[in-house]
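**Student:** The primary structure of each chain is shown beneath.
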Amino acid sequence: MNFLPYLFAAYAAIWIALFLYLLRLGRRTADLEGELRELKRLVDDRSR
Amino acid sequence: MRDALAILRKDLRIEWRTRESVSSVFVLGVLLLVVLTVAQDPEAEQAPALAPGVLWAAFVLTGLLGIQRTFLLERENDCLAGLLGAPIDPASIYVGKLAANVVLLGLVQAFVLPLVGLFLHLDLVPALPGLIAVCFLGNLGFAALATLFGAIAVRVRAREVMLPLLLLPLLVPLLIGAVQATRGVLAGGLVLAGGGITVLAAFDVVFTVAGWLLFAYVVAP
Amino acid sequence: MSRILPAATGIAVLAALALVFLVVPTEADMGIVQRIFYFHVSSAWVAFLGFFTVAGASAVYLWNGSRGADRLAHAAAEVGVLFCSIVLVTGPIWARPIWGVWWTWDPRLTMTVILWAVYASYLMLRAFGGGDEAVARYAAVLGIVGVLDIPLIMVSVRLLRGIHPAVIARNEGGSGLVDPWMRIGLLVSAVALILLAWWLTTLRVRSARLEEELATLRRRLFVRPGEVA
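Chains as they are written, first to last, in the numbering used here: chain A, 1 to 48; chain B, 1 to 221; chain C, 1 to 229.
Just to be clear, a hint being listed does not mean it is correct.
As the list claims (entries may be wrong) - Selected chain B positions facing chain C (in silico; Cβ < 7 Å):
#1 99
#2 102
#3 154
#4 159
#5 165
#6 169
#7 172
#8 173
#9 177
#10 188
#11 192
#12 199
#13 201
#14 206
#15 209
#16 212
Stated by the list, open to error - Computed list of chain C residues with no C-beta within reach of chain B, every gap over 12 Å:
#17 154
#18 155
#19 158
Please keep in mind that the hints were generated in silico from the structure rather than gathered at the bench.
Nothing here was measured: the structure is a model prediction, and the numbers come from that model.
Quick reminder that beta carbons are idealized off the backbone N, C-alpha and C, glycines included.
In isolation and in its complexed conformation, chain A is listed as follows (with noise of 0.2 Å):
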């Protein structure tokens, strides 16, 4: 049996699976700091 497609495959999956993580985390962080911003600019806008 050949052993190196389940070998690229473990680590295939670790590293998307990794990587997907990566992803939706950086995403929420992003959308997060730019509901922030645009807050704190209310904030500005109400105070001034």
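Position chains B and C against the provided structure of chain A, taking the given hints into account.
**Tutor:** Just chains B and C, lined up with the frame of chain A:
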């Protein structure tokens, strides 16, 4: 400790008056037994081997629904708020509720156990003392966690699915220990059941203490 | 300071990959598939570390209500479940060519599934338990109980008969790392994944803090007496 006994008596008296939880849980237990047996459709000789698994699967599932019911009832009537208003230590409330649940589950076990013997062609009488011991140990551990998490589940959203979701993974060691111990007891006595009983006893100790300590954090305002 | 962690992680991961694929000798019995083992086992260790972190942070949170501890608990649970999932995916991929089956109920794999389920339920509680801040307290209770369950899971799982006694023999025989380079490979892989998990956790904690800041700001901005939210 006196407070705990008072709570135990209150809960049992409420249950006795309505007999709602016990009777519906009992019927449910029978139904589950039937379902679990019929789903596997064993041959007559194979049936006794299924008994430990069927027994404990039925107990756990029935117990889950029963305990969920008791907590929901309390929530509906806001009993817990009343209890917490009184100067009672939350830990005593936990002990009282734990005891009440142990009694209720014990009643279910008392009904379901002979039925398993009946449905699966198993003579339970020679193994009875061992079986009772194993049932009690399993009962206690189950109630210890279920009382703690029942209080949690009833306070959050998605509460119908929360209790099984939170409780079942944690209960796996108990289930394994109980099934192995039951198998050992049916095969030849408490000695063979040693491994399972050790797990059950350890489970009971760890989680009654943990529940006793942590309950206060669940019911804190 | 926050630059060091990602950089160190990157270096460690590269080093680990280099060792695993270029330096470490091929194992006699299992061939090159055995190279999965380095990241498989390391992921398991990382998952355990994550779950212990959840318990510790949960205890701190119950003790003094520290929001930082609560955020750490949630983040560690997420990262822990992530690496636990990696263990559960790489395990069968390793098992299939060696033993011909995708799954075995051997003690370690069984224990990993149960652990995964416990902390997945933690994440479910957090996600769907509702917005009440008491949910953080309930999750903390679960986090602590989960870790208390671990030794019980380990002991009980050895009572199961399992399908492949041969698999159990393999596990009890230890990692079977004969060559010193194999041991180094495992060590470096473990360090790499620990750093990676640590970095992911800090990122997740930052995201949680932003969420909380946002919620406070929104409350202040939009809900004022007489105003319709």
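**Student:** With reference to the structure, classify each hint as holding or not holding.
**Tutor:** Now for the hints, and whether the structure bears them out:
Here the hint on residue 99 of chain B is broken, as its CB sits about 20 Å from the closest CB of chain C, past 7 Å. This hint is violated: residue 102 of chain B has a C-beta 19 Å from the nearest C-beta of chain C, more than the 7 Å allowed. Hint on residue 154 of chain B is violated. Least Cβ distance to chain C is approximately 11 Å, over the 7 Å limit. For the restraint placing residue 159 of chain B at the interface with chain C, the shortest Cβ-Cβ distance is roughly 9 Å, beyond the 7 Å limit, so the hint is violated.
Satisfaction of the interface hint for residue 165 of chain B is found here, the shortest Cβ-Cβ separation to chain C being roughly 5 Å, below the 7 Å cut-off. The closest approach between the C-beta of residue 169 of chain B and any C-beta of chain C is roughly 4 Å, which is under the 7 Å cut-off, so the hint is satisfied. With a least beta-carbon distance of about 5 Å to chain C, the hint placing residue 172 of chain B at the interface is held under the 7 Å criterion. With a cut of 7 Å, the hint placing residue 173 of chain B at the interface with chain C holds, because the nearest CB-to-CB distance is about 4 Å.
Checking residue 177 of chain B against chain C: minimum C-beta separation of about 5 Å stays under 7 Å; hint holds. Given the 7 Å rule on beta carbons, the hint for residue 188 of chain B is violated: about 16 Å separates it from the nearest Cβ of chain C. Because the beta carbon of residue 192 of chain B sits about 12 Å from the nearest beta carbon in chain C, more than 7 Å, this interface hint is broken. The beta carbon of residue 199 of chain B comes within 5 Å of a beta carbon in chain C, closer than 7 Å, and the hint placing it at the interface holds.
Because the smallest distance between the Cβ of residue 201 of chain B and any Cβ of chain C comes to about 11 Å, over 7 Å, the interface hint for this residue is violated. Given hint, residue 206 of chain B at the interface with chain C, holds; its Cβ is 6 Å from that chain's nearest Cβ, closer than 7 Å. Against a cut-off of 7 Å between C-beta atoms, the interface hint on residue 209 of chain B is violated, since the closest Cβ of chain C lies about 9 Å away. A cut of 7 Å between beta carbons decides the hint on residue 212 of chain B: the least distance to chain C is about 12 Å, and the hint is violated.
Distance check on residue 154 of chain C: its Cβ comes as close as 9 Å (rounded) to a Cβ of chain B, failing to clear the 12 Å threshold; non-interface status is violated. With a minimum CB-CB distance of about 6 Å to chain B, residue 155 of chain C fails to clear the 12 Å threshold, and the non-interface call is violated. Against the 12 Å criterion, residue 158 of chain C falls within the reach of chain B, whose nearest CB is about 8 Å from its own CB.
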